[in-house]
Amino acid sequence: MNKRLSQQIAFIIFKLFGVLVVAILISILGFIIVNGISVINWEFLTAFPEEGMTTGGIFPAIVGTLYLIIGSLLFAFPLGVMSAIYTHEYAGKGWIVKTIRMMTNNLASIPSIVFGLFGMALFVNKLNFGDSIIAGSLTLGLLALPVIIRTTEEALKAVPNTYREASLALGATKLQTIKKVVIPAAMPNIITGLILSIGRVSGETAPILFTVAAYLLPQLPTGIFDQAMALPYHLYVLATSGTDLEASRPMAYGTALVLIMIVLTMNLLASFMRRKLENKRSK
Amino acid sequence: MQKRKIIRRILDNITEKLLTISGAVTGIAILFITFFLFTEGAALFQSPQVEHGYALYVNSSNPVNTLQPEETKAIFDAEITNWNELGGKDGEIKIFRIDDAFQIYPESELGENYELLPAKLGEIISKEENILAFLPTQYAPQGAAVKALTAKNIQPKDYFLGKEWLPTATPVPLFGVLPLVLGTLLVSIVALLIALPLGLGVAIYLSELASDKQRRLLKHVIELLAGIPSVVYGFFGLVVLVPIVQKALNLPVGETAFTGSLLLAIMALPTIISVAEDALRNTPRAMREASLALGATQWQTIYRVVIPYAKSGISAAVVLGIGRAIGETMAVMMVTGNAAVMPQSLMESVRTIPATIAAELGEAPAGGAHYQALFLLGCILFVFTMIISISAEIISKKKNYKTH
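Those protein sequences? They're chains L and A, same order as listed.
Residue 243 is where the first sequence starts when you use this note's numbering, and the numbers rise one by one after that.
Residue 347 is where the second sequence starts when you use this note's numbering, and the numbers rise one by one after that.
These are computed hints drawn from the structure, not numbers from a lab.
Misleading hints may appear alongside valid ones.
Claimed, not checked - Cross-link-like lysine to aspartate or glutamate pairs, in silico, EDC-like; alpha carbons within 16 Å at most:
id, chain 1, residue 1, chain 2, residue 2
1, L, K340, A, E739
2, L, K257, A, E554
3, A, K466, A, D446
4, L, K422, A, D358
5, L, K421, L, E407
6, L, K421, A, D358
7, A, K509, A, E416
8, L, K416, A, E362
9, L, K422, A, E362
10, L, K416, A, D358
11, L, K257, A, D558
12, L, K421, A, E362
13, A, K363, L, E331
14, A, K419, A, E510
Note that the coordinates shown come from a computational prediction; the quantities given were computed from them, not determined experimentally.
All chains should be built: construct the whole structure from the sequences, respecting the hints.
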């Protein structure tokens, strides 16, 4: 009797914990959606901030984030995919590959502010890019690299070895096999990694603090050596250091909602794609 | 035909080389990061203790030859006022700054480019036995009875064991990282204490009890929680958690270490849940069945068989959760109030290492001592997280073969 009772109590507690986690998510999302939805309209998305960022819109921040996404992935996506192909398809099992893999894994665990420090030291100061889109993109790209490498490696691992063997048996070279057989088969999964890293890149604040982000710019950036505004940093500014915090609150809610929409859409899209692929494979 | 084949072979060769290079580049990226962090950070110990471009001067009759950074600060804060407290003669310390010279001498007497200033400064110092002059080295005083205090570089022990973080203080900035390190550890460990029971409970629920539908729902929820950007968490914490904590605990301000821990606990949950759940799921079915067949209830099986078996995986979840918490920047910075003092209680404002870097790097001139001190903080953070991720790897690889 006693052990049944303790089981019941324990299970009820665990279930409550589960409900609590759902409640936390709902309260965070709900809070931002409820407060932000009324702010979002066409003007908010397409106008510049006005009157000390208390009215107007967040257009330059959206554009800046877009530039940063494109810039960082232009650099990180090919590099990450190629690096994963090398370690998975070419490299042997020697200690060099093991060390490289271990280092790449550890790259993922470095806090984002440390990437910011590195980006500032190398790109902004040493290479003299200044606070610029290119410096920010390279820093963010470095951050996205482990995500891309890991998903690509998983994608390559999921391609059955029989595909490779069949291609090689037909007389194709190793590179031909990779280009014509392995990559096409792994492509959907690789794209999932790309989408995931878009979500990651668009939400990060710490790495762009000192490499690109501007408090407020009167016009859009015109080249890769210009500073840019970005959504996450703009939200930080609106929340903590605007000219009139109370008056800019609605703007902050709106920005948070736009940011969350971008990031979560990317995450949901990626998990949707992954599930679809899994279903296809299990059939 | 032959030609095309050769071109293709060359192209293929290039492609393969490119692949190799990319593999190597990403592998050494981390070495590159380490190198940059540590060279910038280590340069701090080549920086003088006194503010760059300045030095301290005394009258040559003064037996004191050198001052510790804390002593200098105490003098300028008027906590130490007599030379005898520093091993000198009895006499009240008279602080002299460059501005004071302009009070005494009209600008016309100092020459067009202040070329007469050093001599005048020397005159003042020679006259006043108890003077402590803080002057730019550009106008180093000239005179027979002038003595410069020995300029020491910043010492590692002052940095790593220092209890005060006052990076912009003049004449001697203090870079003691202890309050920041302790603040970081306090916030992260409390966050873990909150998140661990919750996360473990949810992991058990997910792996042992939930129906397929509930599982799928919870998995989605956790994925979404992991995806929310940290600045959004920070904003939520600032607008919602801070006032709640303030009202509920009746505090003067809601921006406390505890608020930070609460927020970090939420942010660490997805990591803890997914790693712990993986570990629980890996318990072989045979072990569960054996336990159930002996008449144990499901709950007894869970805490006597499944959890002990998954112990190493759960430890890895703990370690990774701490790692997530220690490196978190924006959210913590927005809700902990950022007072760089030794943490006394959970209900006071603290400042963590990442928050310090984020808040101060923008104002620190590149290459200065403050800038280097912040890079060294980055190194500390880097070493912390490296230790954490490597130990998580070791722990989760270790198999639990022990039988009782």
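So, going through the hints one by one against the coordinates:
1. L:K340 to A:E739: Judged against 16 Å, a Cα distance of about 14 Å means the pair holds.
2. L:K257 to A:E554: holds, 11 Å
3. A:K466 to A:D446: Since the Cα atoms of K466 of chain A and D446 of chain A sit roughly 12 Å apart, the hinted pair holds (cutoff 16 Å).
4. L:K422 to A:D358: holds, 13 Å
5. L:K421 to L:E407: Holds: K421 of chain L and E407 of chain L sit about 14 Å apart, inside 16 Å.
6. L:K421 to A:D358: holds, 10 Å
7. A:K509 to A:E416: Within the cut-off at roughly 10 Å; holds.
8. L:K416 to A:E362: With Cα atoms ~10 Å apart, K416 of chain L and E362 of chain A stay inside 16 Å; holds.
9. L:K422 to A:E362: Judged against 16 Å, a Cα distance of about 15 Å means the pair holds.
10. L:K416 to A:D358: holds, 10 Å
11. L:K257 to A:D558: holds, 14 Å
12. L:K421 to A:E362: holds, 11 Å
13. A:K363 to L:E331: holds, 13 Å
14. A:K419 to A:E510: Roughly 11 Å between the alpha carbons, so the hint for K419 of chain A and E510 of chain A holds.
Taken one by one, the earlier hints all hold for this structure without exception.
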